[in-house]
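Asks: Next come the chains, spelled out residue by residue.
Number of protein chains: 2
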Amino acid sequence: MVDAIKKLREKTNAGIVACQKALKDSSGDVDKAIEILRKQGVALASRKMGRSAKEGRVESYIHLGGKIGVLVEIDCESDFVARNEDFKTFVKDVAMQVAASNPIFVGKEDVSEEAVKKETEIIKAQLTGKPAQAVDKIIEGKLAKFFEDACLLEQPFIKDSSMKVRDVVTSMIAKIGENIVVRRFVRFQVGEEVK
Amino acid sequence: MVDAIKKLREKTNAGIVACQKALKDSSGDVDKAIEILRKQGVALASRKMGRSAKEGRVESYIHLGGKIGVLVEIDCESDFVARNEDFKTFVKDVAMQVAASNPIFVGKEDVSEEAVKKETEIIKAQLTGKPAQAVDKIIEGKLAKFFEDACLLEQPFIKDSSMKVRDVVTSMIAKIGENIVVRRFVRFQVGEEVK
Numbered sequence: 001m002v003d004a005i006k007k008l009r010e011k012t013n014a015g016i017v018a019c020q021k022a023l024k025d026s027s028g029d030v031d032k033a034i035e036i037l038r039k040q041g042v043a044l045a046s047r048k049m050g051r052s053a054k055e056g057r058v059e060s061y062i063h064l065g066g067k068i069g070v071l072v073e074i075d076c077e078s079d080f081v082a083r084n085e086d087f088k089t090f091v092k093d094v095a096m097q098v099a100a101s102n103p104i105f106v107g108k109e110d111v112s113e114e115a116v117k118k119e120t121e122i123i124k125a126q127l128t129g130k131p132a133q134a135v136d137k138i139i140e141g142k143l144a145k146f147f148e149d150a151c152l153l154e155q156p157f158i159k160d161s162s163m164k165v166r167d168v169v170t171s172m173i174a175k176i177g178e179n180i181v182v183r184r185f186v187r188f189q190v191g192e193e194v195k
Numbered sequence: 001m002v003d004a005i006k007k008l009r010e011k012t013n014a015g016i017v018a019c020q021k022a023l024k025d026s027s028g029d030v031d032k033a034i035e036i037l038r039k040q041g042v043a044l045a046s047r048k049m050g051r052s053a054k055e056g057r058v059e060s061y062i063h064l065g066g067k068i069g070v071l072v073e074i075d076c077e078s079d080f081v082a083r084n085e086d087f088k089t090f091v092k093d094v095a096m097q098v099a100a101s102n103p104i105f106v107g108k109e110d111v112s113e114e115a116v117k118k119e120t121e122i123i124k125a126q127l128t129g130k131p132a133q134a135v136d137k138i139i140e141g142k143l144a145k146f147f148e149d150a151c152l153l154e155q156p157f158i159k160d161s162s163m164k165v166r167d168v169v170t171s172m173i174a175k176i177g178e179n180i181v182v183r184r185f186v187r188f189q190v191g192e193e194v195k
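In order, the protein sequences belong to chains W and C. Under the numbering used here, the first residue of the first sequence carries the number 1, and numbering increases by one thereafter. Under the numbering used here, the first residue of the second sequence carries the number 1, and numbering increases by one thereafter.
These aren't lab readings, by the way, just hints derived from the structure by calculation. Take these hints with a grain of salt, some might be off.
Said to hold, decoys possible - The calculated DSSO-like cross-link candidates involving lysine-lysine, where the alpha carbons are at most 30 Å apart (straight line), are:
no. : chain 1 : residue 1 : chain 2 : residue 2
1   : C       : K67       : W       : K48
2   : W       : K24       : W       : K39
3   : W       : K159      : C       : K67
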């Protein structure tokens, strides 16, 4: 039971009491308890998500002895949370994620229609000769993969690939009780073409 | 003499022999010797400046407990120089400069014609009622000030306001013997409007 609670807390960031209750509700099944807590977290988080986040934290991550550098800004509602250790660790983790996974956009909503159109054309060009009824399905799947590669929030979290970065944000919101917004990031790599 | 050489080296980054010679040529006048060395440095540097800089270093500077963050990329010709301690210190200094002085562009050549036009209009709007012959002169002066504020390379260097950042780059090129290019920077400040 103690191990199960420990595992649950690591996975979901939920409090001890919530973990105990979820384990009881799932009859001790950890995976089911995670599911229960995630749903609760999402419900809790969705009530915070509209709130304005004007405080926050800028963090950097320098990789490969200065060949790659990342700057991220993640916002929250109060300076108190901006100085919270869990929040600070989260901001650092996201900076590391950007260094490792090289996203282009923060979320799906930041991908321009133009970029989606261009990507669709690239996929179509690779599909000559396929039956028409298969093409739409393939495009849908490849676009989903494109969003997962290109959008930070859709990427698997580097510290736990069972979650998307978006899920980690949600669980942080549920845990901390403030809206949290990944505002922006930038990644410089020595030798790359500068736009 | 030893003190004068020490001061000269600090100011110009030139070698001991060059400093001794410059002091001899200036009859011991340190200011004149600086002038001589700067001219030599500029001459030396200008021969390097066309060369391609594909190596380099990305550095960050986080200010005010995470409220301001800066990322800069400064390029050089070899990885050997990218790992040079003087070069690393210089990159760090530039990151700190960006945090403190909030430039918008790297150099004058990065300011769009549109931005200059807009700035000129703002200045003109403040000059109603002045005699026409004075207006051009005032605009010229205010534009020069605008470039000095907005362009990193035109700003006074935070560690020695007698030099522009551009002059520090030149003296680094002369000292290190490779072309050095301030490639790009970004500055995030929590609470500012995101473009």
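Asks: Out of the numbered hints, which ones does the structure contradict?
Replies: none
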